[in-house]
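Visitor: Residue numbers (our numbering), protein chains in the order written: chain A, 2 to 116; chain B, -12 to 102.
Note that these hints are calculated values from the structure, not bench results.
Just so it is clear, CB atoms sit at the ideal spot from N, CA and C, and this is done for glycine as well.
A portion of the hints provided could be inaccurate.
[Said to hold, decoys possible] 25 Å max Cα-Cα, derived SDA-like pairs, lysine to any residue:
| hint | chain 1 | residue 1 | chain 2 | residue 2 |
| --- | --- | --- | --- | --- |
| 1 | B | K99 | A | L40 |
| 2 | B | K48 | A | S109 |
| 3 | B | K83 | A | G73 |
| 4 | B | K58 | A | Q51 |
| 5 | A | K45 | B | H30 |
| 6 | B | K83 | A | P82 |
| 7 | A | K45 | B | A(-12) |
| 8 | B | K48 | A | G4 |
| 9 | B | K99 | A | G41 |
| 10 | A | K45 | B | N62 |
| 11 | A | K45 | B | H(-4) |
| 12 | A | K16 | A | G4 |
[To be verified] Simulated restraints, written as ranges between beta carbons of each label pair:
| hint | chain 1 | residue 1 | chain 2 | residue 2 | range |
| --- | --- | --- | --- | --- | --- |
| 13 | A | D64 | B | A(-12) | 15 to 23 Å |
| 14 | A | L71 | B | G15 | 30 to 38 Å |
| 15 | B | E101 | A | N53 | 46 to 54 Å |
| 16 | B | L33 | A | Q42 | 28 to 36 Å |
[What the hints assert, rightly or not] Covered stretches of chain B, going by a simulated chain A footprint (3 or more residues, C-beta under 8 Å):
| hint | region |
| --- | --- |
| 17 | 18 to 30 |
| 18 | 33 to 47 |
| 19 | 76 to 84 |
| 20 | 87 to 101 |
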Amino acid sequence: EAGVAQSPRYKIIEKRQSVAFWCNPISGHATLYWYQQILGQGPKLLIQFQNNGVVDDSQLPKDRFSAERLKGVDSTLKIQPAKLEDSAVYLCASSQTPSGAGGYTFGSGTRLTVV
Amino acid sequence: AQSVSQHNHHVILSEAASLELGCNYSYGGTVNLFWYVQYPGQHLQLLLKYFSGDPLVKGIKGFEAEFIKSKFSFNLRKPSVQWSDTAEYFCAVNAKAGGGNKLTFGTGTQLKVEL
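Generate the whole structure from the sequences, applying the supplied hints.
Guide: So, in structure tokens, the structure goes:
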């Protein structure tokens, strides 16, 4: 089966600019996650969707980050305006069920550098 | 909220040495436990997972982990490492949080295997 697709792979922007990342989960996976992985740290959950509804966005910096999954399939994560500390790899993952009982599949990530 | 601790941030071993990476979690309820590996430049890949049953779980590439509920631990082991095992290893815990389940990662252990 095809994996979780993410684009772009790399992005370099200046601080205060905006950026958007795209994710297409595994077909049939209802639950989609966005994680932020800062260098030297483990991935941190930003937002979790169940179909097109938000399950958990408690760690999403809502003053600058937004995410949507309008049709319950692919998703976009946006940062506006970006700060230096947003430099990280942004990972998308999906699972068949919200419990994660079937496991999670991760995409290759988007490496963002803010200069 | 659940948390995950990985005690070793950097481990250097010679080929054929035995490996044990520590992982402890804090959460009072039912958990699912995972070990992920991230090879240089690649995405997170699942090594093994524990959901229920036999607490000794065998994964890919000769890795295994033991769930000790009384110690809240899920240590990763491999009897004889290879140079190709050089990678970063993440322990993760899936548990109920808010409206759904949440996958929480440890900070990771960077393993370097020398020839």
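Visitor: Has the given pair, K48 (chain B) with S109 (chain A), been kept, meaning a C-alpha gap of at most 25 Å?
Guide: Roughly 21 Å separates the two Cα atoms, so the pair holds.
Visitor: Is K45 (chain A) close enough to A(-12) (chain B), meaning Cα to Cα at most 25 Å?
Guide: Measuring from Cα to Cα gives roughly 13 Å; hence the hint holds.
Visitor: For the range 30 to 38 Å, tell me whether the beta carbons of L71 (chain A) and G15 (chain B) fit it or not.
Guide: holds, 37 Å
Visitor: Taking 25 Å as the top limit, are the C-alpha atoms of K99 (chain B) and G41 (chain A) close enough?
Guide: Measuring from Cα to Cα gives roughly 15 Å; hence the hint holds.
Visitor: The region 76 to 84 of chain B covered by chain A? Criterion: 3 or more residues, Cβ-Cβ distance below 8 Å.
Guide: holds (count 4)
Visitor: Against chain A, does the region 18 to 30 of chain B show at least 3 residues with beta-carbon separation below 8 Å?
Guide: holds (count 5)
Visitor: Take a quick look at whether K45 (chain A) and H30 (chain B) sit within 25 Å of each other, Cα to Cα.
Guide: Holds, because 15 Å separates the two Cα atoms, which is no more than 25 Å.
Visitor: How does the Cβ-Cβ distance of E101 (chain B) and N53 (chain A) compare with 46 to 54 Å: does it lie in that range?
Guide: holds, 49 Å
Visitor: Against chain A, does the region 87 to 101 of chain B show at least 3 residues with beta-carbon separation below 8 Å?
Guide: The restraint on the region 87 to 101 of chain B holds, since 9 of its residues have a Cβ under 8 Å from chain A and three suffice.
Visitor: Three residues minimum, CB to CB under 8 Å: does the region 33 to 47 of chain B make the cut for coverage by chain A? Let me know.
Guide: holds (count 3)
Visitor: Decide if the proposed pair is consistent with the structure: K58 (chain B) and Q51 (chain A), CA atoms, cutoff 25 Å inclusive.
Guide: Distance of about 33 Å is beyond 25 Å: violated.
Visitor: Do the Cβ positions of D64 (chain A) and A(-12) (chain B) conform to the proposed distance bound of 15 to 23 Å?
Guide: Once the Cβ atoms are compared, 22 Å apart, the range 15 to 23 Å for A(-12) (chain B) and D64 (chain A) holds.
Of the numbered hints stated above, those contradicted by the structure are hints 4, 6, 12, 16, listed in ascending order.
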